[in-house]
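Chemist: Based on the provided sequences and hints, a complete structural model is requested.
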Amino acid sequence: MKATLILANGMTFTGRSIGSTADRVCEMVFNTSMTGYQEILTDPSYAGQGIVMSYPLIGNYGVNREDNESSRPWAEAFIVRHLTTRGSNFRCEGGLNEYLKQYDITGIEGVDTRALTRILRSEGTMNGMITCAEHFSVQDCLEKIKTYRVQGTVEAVTRKAPQVYPAMGEQQLRVALMDFGVKENMIRCLQKRGCQVTVYPAHTPAETVLTGGFDGVMLSNGPGDPADNTAIIEEVKKLYQSDLPLFAVCLGHQLLALATGAETRKMRFGHRGGNHPVKDLEHGRAYITSQNHGYVVTKESVNPEVAEISHVNVNEGSVEGLKYKRPNCFTVQFHPEASPGPMDTEYLFDNFVDMMKQKGGAR
Numbered sequence: 001m002k003a004t005l006i007l008a009n010g011m012t013f014t015g016r017s018i019g020s021t022a023d024r025v026c027e028m029v030f031n032t033s034m035t036g037y038q039e040i041l042t043d044p045s046y047a048g049q050g051i052v053m054s055y056p057l058i059g060n061y062g063v064n065r066e067d068n069e070s071s072r073p074w075a076e077a078f079i080v081r082h083l084t085t086r087g088s089n090f091r092c093e094g095g096l097n098e099y100l101k102q103y104d105i106t107g108i109e110g111v112d113t114r115a116l117t118r119i120l121r122s123e124g125t126m127n128g129m130i131t132c133a134e135h136f137s138v139q140d141c142l143e144k145i146k147t148y149r150v151q152g153t154v155e156a157v158t159r160k161a162p163q164v165y166p167a168m169g170e171q172q173l174r175v176a177l178m179d180f181g182v183k184e185n186m187i188r189c190l191q192k193r194g195c196q197v198t199v200y201p202a203h204t205p206a207e208t209v210l211t212g213g214f215d216g217v218m219l220s221n222g223p224g225d226p227a228d229n230t231a232i233i234e235e236v237k238k239l240y241q242s243d244l245p246l247f248a249v250c251l252g253h254q255l256l257a258l259a260t261g262a263e264t265r266k267m268r269f270g271h272r273g274g275n276h277p278v279k280d281l282e283h284g285r286a287y288i289t290s291q292n293h294g295y296v297v298t299k300e301s302v303n304p305e306v307a308e309i310s311h312v313n314v315n316e317g318s319v320e321g322l323k324y325k326r327p328n329c330f331t332v333q334f335h336p337e338a339s340p341g342p343m344d345t346e347y348l349f350d351n352f353v354d355m356m357k358q359k360g361g362a363r
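Per the UniProt record's numbering, the very first residue in the sequence shown carries number 1; after that it's consecutive.
If you are wondering where the hints come from, they were derived from the structure by calculation, not from laboratory data. Hints may contain errors.
Now the in silico label distances, taken between C-beta atoms and shown as ranges [stated by the list, open to error]:
#1 358 <-> 101: 44 to 52 Å
#2 347 <-> 144: 43 to 51 Å
#3 16 <-> 284: 25 to 33 Å
#4 359 <-> 140: 55 to 63 Å
#5 143 <-> 344: 43 to 51 Å
#6 359 <-> 169: 30 to 38 Å
#7 344 <-> 211: 30 to 38 Å
#8 166 <-> 16: 20 to 28 Å
#9 72 <-> 299: 53 to 61 Å
#10 228 <-> 304: 22 to 30 Å
#11 118 <-> 143: 21 to 29 Å
#12 98 <-> 304: 51 to 59 Å
#13 304 <-> 138: 47 to 55 Å
Calculated cross-link-like contacts (lysine-lysine; reagent style DSS-like; alpha-carbon spacing at most 27 Å) [to be verified]:
#14 237 <-> 357
#15 359 <-> 323
#16 357 <-> 323
#17 266 <-> 323
#18 144 <-> 2
#19 238 <-> 144
#20 192 <-> 160
#21 237 <-> 160
#22 357 <-> 325
#23 237 <-> 2
#24 192 <-> 2
#25 299 <-> 325
#26 325 <-> 238
#27 144 <-> 266
#28 359 <-> 238
#29 238 <-> 101
#30 279 <-> 238
#31 146 <-> 192
#32 279 <-> 266
#33 359 <-> 325
#34 237 <-> 146
#35 2 <-> 160
#36 323 <-> 299
#37 237 <-> 323
#38 359 <-> 192
#39 101 <-> 160
#40 146 <-> 238
Beta carbons are placed, not taken as given, at the ideal position from N, Cα and C, and that holds for glycine.
Modeler: Structure below.
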């Protein structure tokens with residue numbers, strides 16, 4: 001079946017329908033990863049977005065139950081150059097096209113995704129629409145595209161009740177993890193370091209966490225504009241004002257920055273993929289990181305009396321990490337848990353665990 005992608009700038013791309021045939025309007029972003037499409041689709045940070053995969057061959061190893069990073073895919077749409085219909089891998093449990101249909105994700109293949117990526121890179125992230133209709137008005141589609149905005153996504157992806165994950169091996173520490181759209185591997189990275197992890201819904205009052213007997217708090221990744229979460233930011237501020245060790249990633253990093261007086265802005269096209277170089281300014285080392293964000297903390301808004309910039313993006317110098325003057329508090333914009341992507345910065349979880357132990361949290 002024919003499918004058409006219409007961008008907000010009026011450009012159209014014709015291809016073949018994959019997944020659901022429902023019309024879908026969303027924010028179009030691109031990802032430069034060559035593999036890891038299942039982890040990407042199930043990353044809650046993609047809620048409200050359509051993912052353009054710049055690598056041309058997608059689906060060649062199928063899908064399985066183990067690689068999900070959340071309970072289901074959150075992406076609105078999926079755009080690929082070529083979709084492999086039959087996965088070939090000893091872990092394969094089904095094909096990607098069937099997976100997209102199962103979860104009602106609209107997709108299109110046969111599109112020059114590298115050309116599309118160049119458009120999004122040069123003109124910036126923009127809204128778009130995929131339709132499988134034979135006859136449609138581009139102008140009507142553009143009206144729908146124009147009014148679309150990604151919003152309410154944290155409320156959509158966060159869990160509805162607390163959930164406890166036991167430590168792998170001997171339990172040494174108890175961590176409260178605020179779920180703004182957490183990926184499963186973030187939880188596993190704590191579990192395998194001897195942490196019992198209690199995952200709380202995004203709007204949980206700080207008082208609940210602070211009276212829970214925890215050794216540390218982690219703020220997770222998540223979707224959308226961080227500035228939209230005003231109530232959450234107030235609770236994050238209370239967590240910051242405590243003396244508990246605090247580690248934040250991606251959206252959590254942005255929320256804590258806002259809670260301490262810094263500002264964020266929307267990026268032209270964001271960072272999404274498993275090959276983004278970051279420099280650790282304290283040690284002078286560079287790391288390849290997995291990233292997925294469209295907003296960034298602005299350099300000029302970081303108060304040096306509150307925090308110092310600890311990591312920067314090698315390509316364009318944007319803020320990738322903050323080390324706060326308040327003891328035992330640090331944040332990063334990238335994903336140390338990867339999944340997919342390089343594990344070069346997983347040591348940050350070790351640093352967090354060491355902070356908790358040094359503060360007397362080891363049991």
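Chemist: In ascending order, which of the hints set out earlier in this document are inconsistent with the structure?
Modeler: 3, 6, 8, 9, 19, 23, 24, 29, 30, 31, 34, 35, 40
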